[in-house]
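**Q** Protein sequences, first through last, are from chains V and C. Numbered according to my numbering, the first sequence spans residues 1 to 347. Numbered according to my numbering, the second sequence spans residues 1 to 347.
A couple of the hints might just be wrong.
Identical copies look the same in the list; a pair holds intra-copy or inter-copy alike.
[As the list claims (entries may be wrong)] Listed next, the in silico SDA-like pairs over lysine to any residue satisfying Cα-Cα at most 20 Å (straight line): (1) K160 to G30; (2) K160 to R27; (3) K160 to Q327; (4) K108 to G86; (5) K160 to V97; (6) K160 to G323; (7) K124 to S192.
Since the hints were made in silico from the structure, they are not lab data.
Take a look at the letters that make up each chain.
2 protein chains.
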Amino acid sequence: MSGTQTKPLLRTLAGESAARPPWWLMRQAGRYLPEYRALRAQTPDFVSFCLTPSLAAEATLQPIRRFGMDAAILFADILLVPQALGQRLSFSKDGPVLEPIRDVAGLKRLHPERIASCLEPVSKTVCLSRAGLPEQTALIGFAGAAWTVATYMVEGGASKDYRHVKGWAYRDPNGFAALIELIADATIVYLSAQIEAGAEVVQLFDSWAGVLPEAEFSCFVIEPTHRIVKALKARFPAVPIIGFPRGAGLLYQRYATETGVDAVGLDTTAPLHFGRELQRNIAVQGNLDPVTLMVGGPALERTVSAIRAALESGPFIFNLGHGILPQTPPEHVAALAELLSQPLAGR
Amino acid sequence: MSGTQTKPLLRTLAGESAARPPWWLMRQAGRYLPEYRALRAQTPDFVSFCLTPSLAAEATLQPIRRFGMDAAILFADILLVPQALGQRLSFSKDGPVLEPIRDVAGLKRLHPERIASCLEPVSKTVCLSRAGLPEQTALIGFAGAAWTVATYMVEGGASKDYRHVKGWAYRDPNGFAALIELIADATIVYLSAQIEAGAEVVQLFDSWAGVLPEAEFSCFVIEPTHRIVKALKARFPAVPIIGFPRGAGLLYQRYATETGVDAVGLDTTAPLHFGRELQRNIAVQGNLDPVTLMVGGPALERTVSAIRAALESGPFIFNLGHGILPQTPPEHVAALAELLSQPLAGR
């Protein structure tokens with residue numbers, strides 16, 4: 001652990017306050033960057049790109065070179081886990097396509113024992129990325145949370161109504177819990193490997209946490225997240241875990257209290273006074289609307305100031321409330337970096 | 001108003017308690033019903049179907065004949081308002097398609113003065129529907145709330161990221177507010193006509209209320225809803241208004257308190273204890289997951305009991321938390337009707 005406490009992101013996650021908030025952006029390595037698009041053009045197949053350590057590490061490092069965020073996030077995809085489990089994965093122009101698994105019998109097609117070997121290239125990406133980072137920049141590993149990964153595995157891609165995955169969960173809660181547990185256990189193996197390879201923080205993306213009634217939110221969001229957190233904390237007590245249950249709304253508080261995460265990512269709709277309440281017990285991360293960053297100008301300045309004024313007095317990581325939009329001009333990210341490098345006016 | 005108080009839905013909205021909750025289902029007239037599909041097949045163009053009073057009234061009445069809900073909801077579409085304003089509207093297999101309006105200059109293409117005449121067929125549908133309803137069944141009129149209608153008008157259809165509509169709202173809040181105001185005023189004209197034609201309750205659907213940060217939720221969800229409610233209450237003080245800000249999450253409480261609606265529709269993710277808190281001040285409606293109704297069986301029985309046990313002691317209208325799914329077997333709706341006709345076991 002020597003020296004890690006000099007990295008601003010890790011200091012904040014350890015509960016220290018700072019003159020300016022550490023920052024990074026969800027999907028900061030991505031299509032809004034011309035250098036990323038050029039790199040991707042070399043390997044049209046997205047899964048192959050993710051599993052080629054030199055390319056994925058280069059994508060991880062690109063935004064840091066340009067903007068100097070306080071953290072790099074591993075370039076990968078949450079669907080590498082289902083793919084490693086044996087589910088065929090491809091990407092069409094409308095998004096990911098998987099051969100859906102819709103009942104307990106389908107679990108037999110999954111091979112959790114393959115996770116470690118299939119995802120070894122990701123550990124290599126972590127190694128290479130860590131080696132390429134400036135001294136002050138932390139490296140964040142990540143995985144999809146079990147519920148969100150399950151939605152893709154059961155729906156076979158993105159969904160508007162989640163009727164297959166919820167249908168299974170409601171009709172056969174025990175059978176569905178077996179899938180959730182399998183994904184959670186695979187995620188523990190995967191994230192452990194990322195940490196061993198050099199990830200200093202991990203984030204769990206629960207992008208579809210906001211579609212469940214409370215009872216199922218307990219079973220399929222809170223419980224498996226707690227399971228993952230508990231297992232990682234047992235092995236790596238010093239590695240902070242950020243949970244991002246996007247859209248959790250009225251269930252955010254329970255997530256923050258019950259999962260054991262060290263920091264909670266707020267989406268764009270979470271009121272700032274609510275974030276401040278959470279900060280009594282936990283670090284918060286968020287929550288600029290990606291559209292505001294796309295728009296830039298006075299709207300960006302105004303909103304960044306409001307977020308900082310509300311949250312900077314507690315443990316706070318500046319981020320977006322959702323992934324950066326491909327239409328975002330890179331100059332707006334540079335403007336944001338400049339805004340965040342200054343102490344907040346009037347303080 | 002003579003006789004209205006004998007209708008269970010209106011009694012609940014007037015604050016009376018009941019032995020069993022009144023119920024209806026969002027999109028209860030729709031594709032899950034074979035008789036609806038047969039009726040629709042006669043007029044493939046959806047807008048023409050909505051604007052043919054005999055057909056729309058028949059669609060309105062179909063679910064009542066089969067299941068005897070306590071309310072019929074006018075068969076129409078929230079996008080009839082933009083269409084009446086002069087925006088070209090069609091429906092592809094992926095959803096609605098409109099010629100988008102993306103700045104203040106585009107407002108000149110809209111003709112609010114046409115609302116009353118263009119939407120006269122809807123008033124006729126209301127008349128015909130009301131005449132065809134059993135004595136105990138209330139008729140609900142509806143419109144989209146200004147924000148949700150604006151999302152379609154600016155995006156040109158459904159959206160994943162709302163970058164055009166939010167982009168305009170963030171870049172030029174005053175210009176965008178002019179669009180919101182225009183829609184709100186058109187909605188006042190439209191709903192007034194529905195009430196004059198016989199609608200006994202109106203519901204405002206704000207399906208995309210759950211994508212805005214708090215500041216914009218105030219300006220573009222709460223303010224225009226309040227504007228509509230105030231105008232309708234001035235003209236029709238006895239007509240209850242139900243607001244449904246789907247996905248409002250941590251902002252539900254503000255919506256319930258600040259808009260002036262008589263009842264608030266809860267989506268599927270709103271915890272039941274939160275609904276109970278709201279009931280101290282306002283009637284609540286909701287919030288069965290449409291997927292649970294699609295699944296039926298023990299999951300349906302269990303969940304209906306839990307919702308009733310939590311909410312029946314206050315002013316409560318049983319409904320879904322979102323529109324019924326086309327894949328729902330009609331027998332499951334019949335089973336729900338049967339469950340709701342009985343007093344709750346153990347009370």
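**Q** May I ask which of the numbered hints given earlier this structure violates, with the numbers listed in increasing order?
**A** none
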